[in-house]
Amino acid sequence: MLSRCVSTDTGAFATDHWGRKPLLSRHTALPRDFSDLLSPAAVDELIAERGVRAPFIRMAKTGDVLARSCYTGPAGFGAEMPDQVDSAKVLAEFATGATIVLQGLHRLWPPLIDFVRALTDDLGHPVQANAYITPPAAQGFEPHYDVHDVFVLQVAGEKRWTVHEPVHPHPLDSQPWTDHRDAVTARSRDNAAIDTVLNAGDALYLPRGWVHSARSEDTTSIHLTIGVSALTYLDVVRAVVDTLATDDEFRKSLPMGIDATDRSEMASTTSKVMAQLADALRERTSDLSDSAAAKLSDRHAHKTRPVAVRPLATLDAMNTAGTLKVRWRHGLIGTLHPLDAKIKLRLPDKTITFPESCATALEALQHGLVADAETLPGLDHADAQVLIRRLLREAVVVAAQE
1 MLSRCVSTDT GAFATDHWGR KPLLSRHTAL PRDFSDLLSP AAVDELIAER GVRAPFIRMA
61 KTGDVLARSC YTGPAGFGAE MPDQVDSAKV LAEFATGATI VLQGLHRLWP PLIDFVRALT
121 DDLGHPVQAN AYITPPAAQG FEPHYDVHDV FVLQVAGEKR WTVHEPVHPH PLDSQPWTDH
181 RDAVTARSRD NAAIDTVLNA GDALYLPRGW VHSARSEDTT SIHLTIGVSA LTYLDVVRAV
241 VDTLATDDEF RKSLPMGIDA TDRSEMASTT SKVMAQLADA LRERTSDLSD SAAAKLSDRH
301 AHKTRPVAVR PLATLDAMNT AGTLKVRWRH GLIGTLHPLD AKIKLRLPDK TITFPESCAT
361 ALEALQHGLV ADAETLPGLD HADAQVLIRR LLREAVVVAA QE
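The numbers in the UniProt record's numbering rise by one with no breaks, and the one at position 354 of the sequence shown is 354.
Just to be clear, a hint being listed does not mean it is correct.
Said to hold, decoys possible - Taking CB as the label site, the calculated pair distances span:
{"id": "1", "residue 1": "Ala275", "residue 2": "Pro377", "range": "43 to 51 angstroms"}
{"id": "2", "residue 1": "Val370", "residue 2": "Ala260", "range": "58 to 66 angstroms"}
{"id": "3", "residue 1": "Ser3", "residue 2": "Ala275", "range": "45 to 53 angstroms"}
{"id": "4", "residue 1": "Thr15", "residue 2": "Ala308", "range": "28 to 36 angstroms"}
{"id": "5", "residue 1": "Arg53", "residue 2": "Thr353", "range": "57 to 65 angstroms"}
{"id": "6", "residue 1": "Ile352", "residue 2": "Pro136", "range": "24 to 32 angstroms"}
Claimed, not checked - Result set (EDC-like, lysine to aspartate or glutamate): computed pairs, CA atoms no more than 20 angstroms apart in a straight line:
{"id": "7", "residue 1": "Lys89", "residue 2": "Asp44"}
{"id": "8", "residue 1": "Lys61", "residue 2": "Asp121"}
{"id": "9", "residue 1": "Lys350", "residue 2": "Asp340"}
{"id": "10", "residue 1": "Lys295", "residue 2": "Asp242"}
{"id": "11", "residue 1": "Lys342", "residue 2": "Glu363"}
{"id": "12", "residue 1": "Lys325", "residue 2": "Glu374"}
{"id": "13", "residue 1": "Lys272", "residue 2": "Asp242"}
{"id": "14", "residue 1": "Lys21", "residue 2": "Asp146"}
{"id": "15", "residue 1": "Lys344", "residue 2": "Glu363"}
{"id": "16", "residue 1": "Lys61", "residue 2": "Asp218"}
{"id": "17", "residue 1": "Lys303", "residue 2": "Asp349"}
{"id": "18", "residue 1": "Lys325", "residue 2": "Glu363"}
{"id": "19", "residue 1": "Lys272", "residue 2": "Asp290"}
{"id": "20", "residue 1": "Lys295", "residue 2": "Asp235"}
{"id": "21", "residue 1": "Lys272", "residue 2": "Glu283"}
{"id": "22", "residue 1": "Lys21", "residue 2": "Asp190"}
{"id": "23", "residue 1": "Lys342", "residue 2": "Asp380"}
Hint data in this document are derived by calculation from the structure and do not stem from the laboratory. Virtual Cβ for every residue (Gly too), placed ideally from N, Cα, C.
Turn these sequences into a full structure, and let the hints steer you where they fit.
Here's what the structure looks like:
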């Protein structure tokens, strides 16, 4: 899916642009538009017929986010929820220049569910999708930077984008643009790195930290902002340090009587602890890296979701476990651990225990094998059927045709 978002070779994008500098990709260089992902009719359907609730929708005008009461209300008998979108209120605000933001569409809209899953696979980092619908000659947000990378995909209409170099490169989630508001405002008055109009089918990649603003032209503009929560070097460092919580040497209190107000004294103490940390990193590289890797995988699992399962279809599939071909549930992170003649499968939300005889079959499925009870390695047909039925019930595997 990355190839849909950039006009350059994906390898060149990874080397020259990822996390470094923007990339403008014109629709003349892209083989397709983005109307299959979203369209004006789809926006109307989401607002008018899909029961969207806050915070999956918000609205903004000239830099201010509107109060939810401006565009939501109760849904009436049978759906007594006070925060569902009120299409008439949305129309009223939209007609006076407010931008509609549809958030988390990777959880709501099937084409974007599939697109985001595939792009997550390509990038190796969590991805999400929002849509911005701006009426003619309007601007929803003032110049700002994002704390995540974005791919802007222009779906319909035209929008003028002004992009400036960062005032705070590579910002973390805890370092929003409002912490540097004055610098951002000043930077937005400088000569722009990019000042261009995106037409339908154009795409723009912006690494986190690049200052930008956008204003629609003479027609309604619809664009998708595909956000990427990049794993950073600091995340790796934090994961390594966090593993030291199991080490009683690093859990000990500092000496009594230290003067925390004396920076020279605290610098000396810090140097001693850093030296101790350096020794631990040298001596325990393997176990610290293994533990940190598990924490990073857990973080990724927390920020992403494996492909959804269909409960009714899965229950029916369990009845055909003797002949059904299954595969590992795409995007599900799990680790196998042998323990006391058992094999434990550790998932983000639970741990499942199996007989040790299932180890070969589980490993094969986890590494991409598509199999049925007859071809699952290491087990006879009867035992393989039992395992498949269990894995279906636990949402570890799905029918291969899904």
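Status of the hints after comparison with the structure:
1. Ala275 / Pro377: 43 to 51 angstroms: holds, 50 angstroms
2. Val370 / Ala260: 58 to 66 angstroms: At 60 angstroms between Cβs, range holds.
3. Ser3 / Ala275: 45 to 53 angstroms: holds, 48 angstroms
4. Thr15 / Ala308: 28 to 36 angstroms: holds, 34 angstroms
5. Arg53 / Thr353: 57 to 65 angstroms: violated, 39 angstroms
6. Ile352 / Pro136: 24 to 32 angstroms: violated, 55 angstroms
7. Lys89 / Asp44: The hint holds at about 13 angstroms.
8. Lys61 / Asp121: Cα-Cα ~35 angstroms, so violated.
9. Lys350 / Asp340: Judged against 20 angstroms, a Cα distance of about 19 angstroms means the pair holds.
10. Lys295 / Asp242: holds, 9 angstroms
11. Lys342 / Glu363: Within the cut-off at roughly 14 angstroms; holds.
12. Lys325 / Glu374: holds, 9 angstroms
13. Lys272 / Asp242: With a Cα-Cα distance of about 19 angstroms, the restraint between Lys272 and Asp242 holds, given a limit of 20 angstroms.
14. Lys21 / Asp146: holds, 14 angstroms
15. Lys344 / Glu363: holds, 12 angstroms
16. Lys61 / Asp218: Holds - the C-alpha atoms of Asp218 and Lys61 are around 17 angstroms apart, at most 20 angstroms.
17. Lys303 / Asp349: Holds - the C-alpha atoms of Asp349 and Lys303 are around 13 angstroms apart, at most 20 angstroms.
18. Lys325 / Glu363: holds, 16 angstroms
19. Lys272 / Asp290: Violated, at about 25 angstroms.
20. Lys295 / Asp235: holds, 10 angstroms
21. Lys272 / Glu283: holds, 17 angstroms
22. Lys21 / Asp190: holds, 17 angstroms
23. Lys342 / Asp380: holds, 18 angstroms
Of the hints listed earlier, those the structure fails to meet are numbers 5, 6, 8, 19, in rising order.
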